[in-house]
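Chain order of the listed sequences is A and B. In terms of the working numbering, the first sequence opens at residue 1 and continues consecutively. In terms of the working numbering, the second sequence opens at residue 512 and continues consecutively.
Do not rely on the hints blindly, as some may be mistaken.
[Unchecked claim] Here are some, though not all, of the chain B residues that point toward chain A, as calculated from beta-carbon distances under 8 angstroms: (1) THR541; (2) MET548; (3) MET555; (4) ARG564; (5) GLN571; (6) MET575; (7) LEU578; (8) ASN579; (9) GLY583; (10) GLY604; (11) GLN642; (12) SER714; (13) GLY756; (14) VAL759; (15) VAL764.
[To be verified] DSS-like cross-link-like pairs, simulated, lysine-lysine; straight-line CA separation at most 30 angstroms: (16) A:LYS113 - A:LYS32; (17) A:LYS342 - A:LYS388; (18) B:LYS631 - A:LYS126; (19) A:LYS205 - A:LYS178; (20) A:LYS445 - A:LYS150; (21) A:LYS178 - B:LYS582.
Keep in mind that the hints were calculated from the coordinates and are not lab data. C-beta atoms are modelled at their ideal positions from N, C-alpha and C, and glycine is treated no differently.
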Amino acid sequence: MQTIKRGLAKTFMVLALSGTAFHAGPALAAGKMTISSPQDPGSWDPIDTFLVQWAAVSTNIFDGLTYRGPDLKLVPGLAESWEELDEGKRIRFKLRQNVKFHDGEVFNAQAVKFTFERLLGEEGAKGPQRSNYTTIESVEVIDDYTVDMKLKTRDPVLLTKLAGYGAMIVPPKYIQEKGEDTFNLNPVGTGAFKFVSYAPKVDIKLAANPDYWGGAPKLAEVEYRFITEPATAVAELQAGRVDLVIPPTIPIGMIPVIEGDANLAIVSVPGPTVDALRFNTRDGITADPKVRKAIIMAVDRATIVQSILAGQASEIVSFQSALSFGYDADLKAVAYDPEGAKTLLAEAGVKPGATLQIDIRGNDSTMNEVAQVIASYLQMVGITATIKPYETNVLINDIIPQGKTGAMFQQKWGGWTFDYDNTAYAMYHSGEKWNPYDKDETLDKLLESQRPLTDRAQRDKILKEVGRYAADRALELPLYNSNAIYGISKRVKGFVAPSDNRLKLTDVTVD
Amino acid sequence: MAGFLIKRLLQAIFVVFAITLVVSFAIRLTGDPALMMFQGGGSMTEGDLMRIRASLGTDQPFIMQYLNFLKGMVTLDFGRSFTGGTSVSMLIGNALPATLLLAFISMFVSIALSIPLGIKAATARGKGADQAIRILSLIGLSFPNFWLATMLVLLFAVTLGWLPPSGMSGWTSYVMPAVTMGIILTATNVRLVRTSMLETLQSQYVMVARAKGLSETTVLYKHALRNCAIPLITYFGLQFGGLLGGIVVVERVFNWPGMGTLAFDAVSARDYPVLQAVITVLSLMIVGVNLLVDIAYGLVDPRVRTE
């Protein structure tokens, strides 16, 4: 017993002392910025993920052939210029010279070829990014600084897609020599910041790349800490240990806390994500378009945006934000008209007291409130709605694809490409995973017809038609486009909040 | 004692298997990780999904996946995380020490507080000190841990700026998580120590010890405490299991890079390999602690040893 006691005492001593072995000074040295990100993507390889939290970091490590900043305009990246050949089925890129990867390897046409062959080959097949780039047939090296991208079909969104995610240019020699596993955890790119260290679930640290082709960054160091809990991230911001909290972290309810702090500010910009309650157009009362229209008329969305979302969102008319390609400014929202809704419901033979179910994401606190308000609006026109919260993944991966939803169900959607096709095709084209109920040949044809068009005006016209057609058929109750909410310390200067979370920190400074 | 131990060991192994089987099966009912990777990523074909399922191994029948997992468990290779392909053993290797350290320090804080306080309350039965300790313990019991954690952060990190609000960096970062866990544990433990002590103090050998003229400290700590230790050890041991479960909430609030954070993320991402490994390791530990409690009985109480 005596020995056990002593043993225990020793153990506790060791444990207590080992705590001091972890050293990390507060992140306040001049020229260092600390960012709180809600999720650790687990791998820094561009082909592994669709997570915006990956892009929030990697936009600083990697470059693409093209670049799209916060203004959403497409500009040259690692390619200085490009031209379309063979009627848009071949794109010729002139590459930037004298660019080096962080490990000293030279960036050239071979690196571009390697990047896309890896993405479309065996390694890429293991990740989700490949599916975005399948229009690329092959990449041919013309000379050291010229490459041709041969396409299977014309792809109007390709140049945008080359600005992010799977299309980030990776170093061939480094990956071949060190292997995929090393690359996942020790990324090397051509970007403004070099990778320094990564501790899973804790942080990733970057340092300035003084030789960056776009000009050396002003910050010396950047650290991204992974903090999931909003209250914790905000406490870190208030304590001055974090300079920026990126979305989606800060809930609308916490905005006053940050605005009440003299050292902090809220920056919010329209984000890519839109929320809608979609209808089961196959069964039940919502199979009737009149009922669907009546439901849309019964809900006052302006009030919802103002009172529940505190203005941190904008109303939508179709399933896309105003930033999206294919957005139709002339498409008018269905006006709030409860009397008209009642008339329509009566015409459709829906008796007062009819019931329906609204499926929502249980952890979406905003939608929980919004759904309750919608339920009370529906009550006013004689429909009793019950709200069924699901765990997000169950709703997305099981309930919706299998067509097991209630009459209405929440869908949150929006891609970083800001192209309506990204949403419309997945939501409306028959047979798509997230379209379990609707089959509409006209819509299928419209959606298919715009996919190969490189003529922007023509595509824009068709996408607008898709939006109008979907609105006419009342396929969903369009709700709102939420803002991307950043919490920022006033010490940070020169930060421009991007809508798509792809922060580029080249021009940012911290006092 | 040996036969008894072997029996308990076999039971423990069975329990761990049962837990991993149920968890592995249940998580697979709740969604396809391949499909989840495409959330917000636009359109994908069935072929894309199949390729990803094949690379994750989720295209195989459940029984094969489970057998692979068991094989991995024996060779201590838990495979790769579905999120990013990181080695699961590495993730556990990082997270487990963080959680254990926090759990041990919390237990230590709690034991160091509850034994003297409990004894004080017992010896001062019905008097002011007893009342005060009991009321404080009731208050401690009524705190939900996430609320207490948030309040501590607000006071010590945001308002006073003495301690870091979250993360694991230096000894200061241990204070708030350990105190949060410790206070809640202490609240229950104090009552237990007090009751146990009250019973013991009424025994005849305590009277004899006092009659012999031993000092009150010796009577309390050497004679009485040792005799009331059995129920306490049982309880502390079992509490350790509960502690590992309760730590999930505290880890989340303090952004502690431990098993709780790992489990939470794995559930949200349907990261089967990580979740299975976390559950296995935690259940091994809880079952292990229970075994240790049995052994500790024998060490403290000679009657069990000779059984």
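Hint check:
no., hint, in the structure
1, THR541, "holds, 6 angstroms"
2, MET548, "holds, 4 angstroms"
3, MET555, "holds, 4 angstroms"
4, ARG564, "violated, 11 angstroms"
5, GLN571, "violated, 16 angstroms"
6, MET575, "violated, 19 angstroms"
7, LEU578, "violated, 22 angstroms"
8, ASN579, "violated, 17 angstroms"
9, GLY583, "violated, 17 angstroms"
10, GLY604, "violated, 10 angstroms"
11, GLN642, "violated, 31 angstroms"
12, SER714, "violated, 20 angstroms"
13, GLY756, "violated, 18 angstroms"
14, VAL759, "violated, 12 angstroms"
15, VAL764, "holds, 6 angstroms"
16, A:LYS113 - A:LYS32, "violated, 35 angstroms"
17, A:LYS342 - A:LYS388, "holds, 24 angstroms"
18, B:LYS631 - A:LYS126, "violated, 63 angstroms"
19, A:LYS205 - A:LYS178, "holds, 20 angstroms"
20, A:LYS445 - A:LYS150, "holds, 26 angstroms"
21, A:LYS178 - B:LYS582, "holds, 28 angstroms"
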